[in-house]
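Here the protein sequences come in this chain order: A and B.
Per our numbering, the very first residue in the first sequence carries number 138; after that it's consecutive.
Per our numbering, the very first residue in the second sequence carries number 138; after that it's consecutive.
Treat the hints with care, as some may be off.
Which copy? The list can't say, so a pair holds if one copy fits it or any two copies do.
Said to hold, decoys possible - Straight-line alpha carbon distances no greater than 30 Å define the calculated DSS-like cross-link-like pairs of lysine-lysine that follow:
1. Lys376 / Lys256
2. Lys374 / Lys153
3. Lys256 / Lys139
4. Lys187 / Lys257
5. Lys139 / Lys187
6. Lys256 / Lys140
7. Lys153 / Lys256
8. Lys332 / Lys187
9. Lys153 / Lys427
10. Lys140 / Lys430
11. Lys140 / Lys187
12. Lys381 / Lys140
13. Lys427 / Lys139
14. Lys153 / Lys386
15. Lys386 / Lys427
16. Lys187 / Lys256
17. Lys332 / Lys139
18. Lys140 / Lys461
19. Lys332 / Lys376
20. Lys461 / Lys332
The hints are simulated quantities; they were obtained by calculation from the structure and are not laboratory data.
There are 2 protein chains.
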Amino acid sequence: MKKNETILLGHGSGGKMTHDLIDQLFARYFDNPILRQQSDSAILDLGTGKLAFTTDSFVVDPVFFPGGNIGHLAVAGTVNDLAVSGAVPLYLSAGFILEEGFPMESLEIIVRSMAEEAKKAGISIVTGDTKVVNRGQCDKLFINTSGIGRLEPEYEHISSGINIRPGDKIIINGSIGDHGMAIMSARNELKITTKIESDCACLNHLISESIMGCRQIRFMRDATRGGLGTVVAEIVKGKSFGLKIDESKLQIRENVRGLCEMLGFDPLYVANEGKVVIVAGADEAGGLLKRMKQHPLGAEASIIGEITSDHQGIAWLETVIGGKRIIDMLSGNQLPRIC
Amino acid sequence: MKKNETILLGHGSGGKMTHDLIDQLFARYFDNPILRQQSDSAILDLGTGKLAFTTDSFVVDPVFFPGGNIGHLAVAGTVNDLAVSGAVPLYLSAGFILEEGFPMESLEIIVRSMAEEAKKAGISIVTGDTKVVNRGQCDKLFINTSGIGRLEPEYEHISSGINIRPGDKIIINGSIGDHGMAIMSARNELKITTKIESDCACLNHLISESIMGCRQIRFMRDATRGGLGTVVAEIVKGKSFGLKIDESKLQIRENVRGLCEMLGFDPLYVANEGKVVIVAGADEAGGLLKRMKQHPLGAEASIIGEITSDHQGIAWLETVIGGKRIIDMLSGNQLPRIC
Chain A
138 MKKNETILLG HGSGGKMTHD LIDQLFARYF DNPILRQQSD SAILDLGTGK LAFTTDSFVV
198 DPVFFPGGNI GHLAVAGTVN DLAVSGAVPL YLSAGFILEE GFPMESLEII VRSMAEEAKK
258 AGISIVTGDT KVVNRGQCDK LFINTSGIGR LEPEYEHISS GINIRPGDKI IINGSIGDHG
318 MAIMSARNEL KITTKIESDC ACLNHLISES IMGCRQIRFM RDATRGGLGT VVAEIVKGKS
378 FGLKIDESKL QIRENVRGLC EMLGFDPLYV ANEGKVVIVA GADEAGGLLK RMKQHPLGAE
438 ASIIGEITSD HQGIAWLETV IGGKRIIDML SGNQLPRIC
Chain B
138 MKKNETILLG HGSGGKMTHD LIDQLFARYF DNPILRQQSD SAILDLGTGK LAFTTDSFVV
198 DPVFFPGGNI GHLAVAGTVN DLAVSGAVPL YLSAGFILEE GFPMESLEII VRSMAEEAKK
258 AGISIVTGDT KVVNRGQCDK LFINTSGIGR LEPEYEHISS GINIRPGDKI IINGSIGDHG
318 MAIMSARNEL KITTKIESDC ACLNHLISES IMGCRQIRFM RDATRGGLGT VVAEIVKGKS
378 FGLKIDESKL QIRENVRGLC EMLGFDPLYV ANEGKVVIVA GADEAGGLLK RMKQHPLGAE
438 ASIIGEITSD HQGIAWLETV IGGKRIIDML SGNQLPRIC
């Protein structure tokens, strides 16, 4: 730690500064073999079976936004962290930090959303905690959800990505940037009328019904904070392969693209809350895509790139005009309190 | 919900208002058989073995206090919730919500405390999350810890208290009110020189080494928010037995008693962070006490009361002058942000 260093918004970006903070502080002090995996969920071996365990705190501002609210997001976010690890999400905890004066009616809407989302996902919220802080000591409410899922041994490689190899295809289940731009458009300071909806959704059924049958699933991750760009940069970090994204294959809704351009954001790094990035063997990628398209949350799925044997350790965008742009981890903070 | 009702500080007290909020909102919407147990940890049956699962968010103010800090507390609090359920704590998650501008040096001290406490308790912090909010949108930092423990089927009755019966003894491992009064004395607004230290400690070794051998452990709970008073009120709620606490047996340190009197607090309802309340069969209570006294965290253990067949559903204090005082759940909020 440098003297007089303080926490900056970028430390919560999900990008490079978050990674540095984890490496220099959390991973250093908490060090143990499970934490060292540094994946979305910790894989626990209880002797009698493997579990995935994950935690996420949600501080999204505003708490209600087009397409969802903080409660909806808190359930989907943790369910997705388990599901992309190859686990079957089973149980969630819910910890609330509430600001004195928060309307009970709003809290009820949020809690109801959580219950509905949990029901849809087929999981149970089994334990909780409530803290209240004085007015002005937190902004409305924060929710932590931690989750437990059952992990079959055959899927244990998914979160590590250890089986990724050149030729593998990169698949995503639809457009990028929707969640982040929905939040931006909902913020009071932006009086914009574009109707952008968050893609916030639980992906566990899409994953279990359409994806897990594929024998060549090498890796999955949900592209949340830091966006698709950060996920692909993480996939290649320190690896002996490269990763190419074909810009012409990326789906970005017109209104999302417009707002990004207006505000100077790169959609590659804008948060999603219902998008899974999959690395799958080339032989099965076509069949996988077909199955995904039959699911409502996979209808717009497409192959957007591939793992290469050249450009080791580098992810890049092959632009529509034929150029190459390196995709690095997000540095600094693009959008605070996006989730 | 009443119209225009808002969240009040009392909803986070751990007393009656917290219980009402849980019943009317969380339990109502999240309803499922596991949540209905309403104990410190949820008991999960994964087919291959039982697990205890618990969550707690920590918002203590100030973050550094005599005898500990928020990190120390966040590990001990969740370890204790698992241990009092009869489980062996194994894994913790750690979710940080940090205020922009929080000194990195302070964060490092807190993270180091968490690591030290985890090591002492023999558990691993295996997964985490970091969010940063703008300056003024949270007060310094909040930490959520969720935990998983292994529960042997023979101890499953402990968190429900289903085996409690008249004649059973009430044991606590030492003095009450230390944590709450340490926080009060540490708050800037109180310029008091009494040196009161929090009792913040992981109780899992005391419990596994000294308590779990006893075949007649009927119930355990850590007396945190709401204090000893709220725990005993919860034990008898809706039950066909009563509970008597002998005031003369309660240990309250001189400086704690003094500060309580000065500020108008009842030590019975002041938070502890290293105290376990045990209900044990009368035949084994003496032997249990002896074993507890051999452990540093049990050196001051004593029998403070018993379960009675009369006064069903009521907990009361037999005062030193021979009077009776009903011990109800804490109503309203005694001390905000105590944990």
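Status of the hints after comparison with the structure:
1. Lys376 / Lys256: neither (39 Å within a copy, 33 Å between copies)
2. Lys374 / Lys153: within (12 Å within a copy, 52 Å between copies)
3. Lys256 / Lys139: between (47 Å within a copy, 26 Å between copies)
4. Lys187 / Lys257: Both ways: Lys187 and Lys257 sit 24 Å apart in one copy and 25 Å across, limit 30 Å.
5. Lys139 / Lys187: neither (39 Å within a copy, 45 Å between copies)
6. Lys256 / Lys140: between (48 Å within a copy, 27 Å between copies)
7. Lys153 / Lys256: Between copies, since 29 Å is at most 30 Å while 35 Å is not.
8. Lys332 / Lys187: Answer is neither: 43 Å inside a copy and 47 Å across each miss the 30 Å cutoff.
9. Lys153 / Lys427: neither (35 Å within a copy, 54 Å between copies)
10. Lys140 / Lys430: neither (53 Å within a copy, 45 Å between copies)
11. Lys140 / Lys187: Neither: 42 Å inside a copy, 46 Å across copies.
12. Lys381 / Lys140: neither (40 Å within a copy, 55 Å between copies)
13. Lys427 / Lys139: neither (52 Å within a copy, 50 Å between copies)
14. Lys153 / Lys386: within (26 Å within a copy, 57 Å between copies)
15. Lys386 / Lys427: within (16 Å within a copy, 72 Å between copies)
16. Lys187 / Lys256: For Lys187 and Lys256, both the intra-copy (24 Å) and inter-copy (23 Å) Cα distances are at most 30 Å.
17. Lys332 / Lys139: neither (44 Å within a copy, 33 Å between copies)
18. Lys140 / Lys461: neither (39 Å within a copy, 58 Å between copies)
19. Lys332 / Lys376: Neither: 40 Å inside a copy, 55 Å across copies.
20. Lys461 / Lys332: For Lys461 and Lys332, neither the intra-copy (32 Å) nor the inter-copy (65 Å) Cα distance is at most 30 Å.
In the structure shown, a violation is registered for the earlier hints numbered 1, 5, 8, 9, 10, 11, 12, 13, 17, 18, 19, 20, in ascending order.
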